Each structure stands twice: as structure tokens, then as C-alpha cells.
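Enquirer: Below, each chain spelled out in residue letters.
Number of protein chains: 2
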Amino acid sequence: MEIAIVLYDRFTALDAIGPYEVLSRLPGAELYFVATVPGPVMTDNGMLTVEAERGIRDAERPDIIVVPGGPGEVHVRAGGEVLEWLVRVHETSTWTTSVCTGSLILAAAGLLDGVRATTHWLAREQLERLGAHVVPDRVVFEGKIVTAAGVSAGIDMGLALAAKVAGDTVAQAIQLGIEYDPQPPFDSGAPEKAPPEVVELLRSRSRHIGETPDAAGTPTTA
Amino acid sequence: MEIAIVLYDRFTALDAIGPYEVLSRLPGAELYFVATVPGPVMTDNGMLTVEAERGIRDAERPDIIVVPGGPGEVHVRAGGEVLEWLVRVHETSTWTTSVCTGSLILAAAGLLDGVRATTHWLAREQLERLGAHVVPDRVVFEGKIVTAAGVSAGIDMGLALAAKVAGDTVAQAIQLGIEYDPQPPFDSGAPEKAPPEVVELLRSRSRHIGETPDAAGTPTTA
Chain S
1 MEIAIVLYDR FTALDAIGPY EVLSRLPGAE LYFVATVPGP VMTDNGMLTV EAERGIRDAE
61 RPDIIVVPGG PGEVHVRAGG EVLEWLVRVH ETSTWTTSVC TGSLILAAAG LLDGVRATTH
121 WLAREQLERL GAHVVPDRVV FEGKIVTAAG VSAGIDMGLA LAAKVAGDTV AQAIQLGIEY
181 DPQPPFDSGA PEKAPPEVVE LLRSRSRHIG ETPDAAGTPT TA
Chain R
223 MEIAIVLYDR FTALDAIGPY EVLSRLPGAE LYFVATVPGP VMTDNGMLTV EAERGIRDAE
283 RPDIIVVPGG PGEVHVRAGG EVLEWLVRVH ETSTWTTSVC TGSLILAAAG LLDGVRATTH
343 WLAREQLERL GAHVVPDRVV FEGKIVTAAG VSAGIDMGLA LAAKVAGDTV AQAIQLGIEY
403 DPQPPFDSGA PEKAPPEVVE LLRSRSRHIG ETPDAAGTPT TA
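So the protein sequences, as listed, match chains S and R. Following the numbering used here, the numbering of the first sequence begins with 1 at its first residue and continues without gaps. Following the numbering used here, the numbering of the second sequence begins with 223 at its first residue and continues without gaps.
Just so you know, these hints were derived from the structure itself, not from any lab. Treat the numbers as computed from the prediction; the structure is a model and nothing was measured. Watch out, some of these pointers could steer you wrong.
Stated by the list, open to error - Which chain S residues face chain R? A few, computed with CB under 8 Å, are given here:
1) 14
2) 120
3) 133
4) 135
5) 138
6) 160
7) 163
8) 177
9) 182
10) 183
11) 189
12) 199
Said to hold, decoys possible - Here are the computed distance ranges between Cβ atoms for each label pair:
13) S:61 to R:417: 46 to 54 Å
14) S:164 to R:282: 46 to 54 Å
15) R:366 to S:114: 49 to 57 Å
16) S:114 to R:309: 55 to 63 Å
17) R:363 to S:205: 24 to 32 Å
18) S:110 to R:390: 41 to 49 Å
19) S:144 to R:306: 50 to 58 Å
20) S:114 to R:415: 33 to 41 Å
21) R:282 to S:203: 36 to 44 Å
22) R:316 to S:167: 44 to 52 Å
23) R:250 to S:137: 31 to 39 Å
24) R:358 to S:187: 19 to 27 Å
25) S:203 to R:418: 39 to 47 Å
Each residue gets a CB set at the ideal place from its N, CA and C atoms; glycine is no exception.
Please put together the full structure from these sequences, using the hints given.
Expert: Structure below.
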């Protein structure tokens, strides 16, 4: 079972590594990271470089596709090879998935028109504008398309997908293997739960999330 | 504020990337990945390569040290430069932390003698044998030493540490930024909660976790 995780400049690391840590543990998983061209790819904060093992031309039949989010998504959405590749591989994939603002990329590829989907809470309006039917859920299954909410939601998505692919016992074993018994120190992980001033802080900092790139295609900062 | 995350061959990716995703968002964070020598480091399953930006000789005064776990820890524990470096940088660190079996490395460096600490649930006995006072908690603060349970616990540890370093509001904002409102599909993330047959499955597969390396120093498989 081939699992392709798409990388691009300024992706958010946990969006990709959460699903990786879960899905790589599926029996028979052949997981690889893919980018326009193979080689090093830097994350959104410039503090981490991850290797894309394959170029998209060498990944034509993944069974599962994972598209992470991150401020660089704006540039990917502006058009080009990744969108064309997504349209192509989605035709034969078993599951096409996204985490966080990766859903905006799926939408830009035309895969979410009228489709129930989720995204990072700060990007919901933008995803709606791109044609999806946005629901504020953490993980949304709609046919073979699976979308997850922001960043850490990729872990929950990975486990839910693992259960569909390999059954509950395998998914439970993966969850126990990564000791995923979450105990966050605060209950502030969703805008409906966090203190209003914290929500406002994030909103004011992130007003550019999901914005259209400028004429030069420069990604705006999330 | 310098944050050094230690990489070594066959580390577990999420052990490192969970704390990275949280701590890199601290105000003033200068986070880097460090290894014996700078360059590419492969994870435990051979499916992902991450770059260590610095060699340990170029990281002499990190304020926060994060040691991830993974099957390669057995080799690190067998002795050498990383252990010597840990002893040295722990003298001046503000926080010395581990995730999963990274605690076995801290113990091998002599930093956990009689210290309350946690680790991956499958490595508790081994950590006790290495001199720590093991408690089955998800995150344990003991002076400036912070240890986390298996793999995904590094996210909870990162947030708890962020609160100590920068206050509750900053930590809550980080939690909301990564939308950490966990909704695992099963309640099987701890051995006390998972179905007994799932616990047994993991135990039988992982009987070598934390074992002493053989004479050649070959890491055994977790």
C-alpha cells in the first residue's frame, strides 16, 4: 500500500508527521514524501528541513495521498504541477486526504466542489469560498476524501483512516504504540473552548491565513 | 532562547516533531536540530530523513534540550559523544527534557539517578533498572528535568513546558494555533485502557524495547 505525503516549501511539520507516524505503522505500508522535485524542503518557520524522497513524476499511483497545510499552501494553490498531479493521482487513489489548510490545496485542485470538508478553524471561510461545504468537525469522511482540522488533527485523522483501512484492532494497536492518550494541560484547542482573548490573539496574528497570493505569488504569513 | 532537539539514527519522528511544533512557537525561540555530526538523519522506519542543522560541538549552551526516543536510543546509550554532550549541556540548561525512550538516554547519561521520571509504557521496567524512580504519568516535572511518556506525549509535554516558560496565555495560544483539541477515535492510548489483546499484541512485538545492545552495539528493534 503506497502512501504519499506531499511536501512543499513552508509546510507545517506536524501536519505531515502526525499522519506519517500513524499510517507508516499500517501493515504493508510503503510511505514516502513527495515534492515537485526530490530533495530538501523547509518548514514554515525555517527551523526544520525534511527530505522529499521522490518527485511527483515518480509517484503516479499512491493508494493514500496526504496533503498537509502551512503558509506555503498559498503558493501551491496559485497553480502548477502539484495541483495537476493531485487531479491525476486522485483518479486512482483509495483515499485522498488533507490536514489543516491542505484542504485549500485540495479545493484549488477542484476536488472539494460541494464536498463536506474541514480545515484549520482560521481558514473555514476561505475554504467555503473555494467551493467546499465546510463543517467545523475535527475529521470529515466524504466518500474517499478525508479532511482534518488544524495541525494536530492529522493524528486523529490518521487513526480513523487506519481503522477504515486495516480494522479497529490495528488502529487501536497503533494508538497504543504511540501512547496517544492525550492530556493537554489546557482545554483551549478549539475556538469555542479557548478564552476569548486567546482566540482574538490568534485571529489578529493570522488575518492573512488562506489569502490569495499577490501578483508575484508570494505566500502570505499564517 | 535556544532549544536543541537531539537527533540520532532510528529516532521516532513524532517524539521530536511534537515538541518542535509547540516549542518553536514560543516567543524568541531559536530552535535547531542537533546530531553528532550535522546532516541527514533517518527515522526508525527508514521512511523519513530529517536534517540535523548543527553538530553537538556547535551547540554548547541550549536553554532547552529535547531528547526523543526510538529504537536507535539503544545505540546512543551504549556510550559516546551524545552522552558526554548531554552531561555537559545539562549543567547550564534551564530545562532538560525527553520524550518516550529518550528518558533511557538521559538515564544512561546519569541524569535520572533517583529522579522521578516517565517513559514509553513498554520501557518502564528498563528505565527503573537504569536508576530512575519511574511513575506512570504522561508528563513528569522534577526540578529542571521533564520527561514525557510515549511518542505523542511530547505534545502535552511541550505545552506544559511552554506554560512554565512563557505563561498560560502563550501556551493556550499555541494550543489553539495547532488546534490541539484531541478526539482520538478509540480510548486505547494507554495500557490500562486498551483491550487486553491489543496490549498483548504490542508486548509480544516489542519485547526488545530498551534492551541492552549486543556486543557489536547493534540496536535491537522496538
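Enquirer: Each hint should be assessed against the structure and marked as holding or not.
Expert: Here is what the structure says about each hint:
no.	hint	in the structure
1	14	4 Å, holds
2	120	6 Å, holds
3	133	20 Å, violated
4	135	14 Å, violated
5	138	5 Å, holds
6	160	5 Å, holds
7	163	6 Å, holds
8	177	6 Å, holds
9	182	4 Å, holds
10	183	5 Å, holds
11	189	3 Å, holds
12	199	7 Å, holds
13	S:61 to R:417: 46 to 54 Å	35 Å, violated
14	S:164 to R:282: 46 to 54 Å	48 Å, holds
15	R:366 to S:114: 49 to 57 Å	54 Å, holds
16	S:114 to R:309: 55 to 63 Å	60 Å, holds
17	R:363 to S:205: 24 to 32 Å	29 Å, holds
18	S:110 to R:390: 41 to 49 Å	43 Å, holds
19	S:144 to R:306: 50 to 58 Å	51 Å, holds
20	S:114 to R:415: 33 to 41 Å	39 Å, holds
21	R:282 to S:203: 36 to 44 Å	40 Å, holds
22	R:316 to S:167: 44 to 52 Å	45 Å, holds
23	R:250 to S:137: 31 to 39 Å	35 Å, holds
24	R:358 to S:187: 19 to 27 Å	23 Å, holds
25	S:203 to R:418: 39 to 47 Å	46 Å, holds
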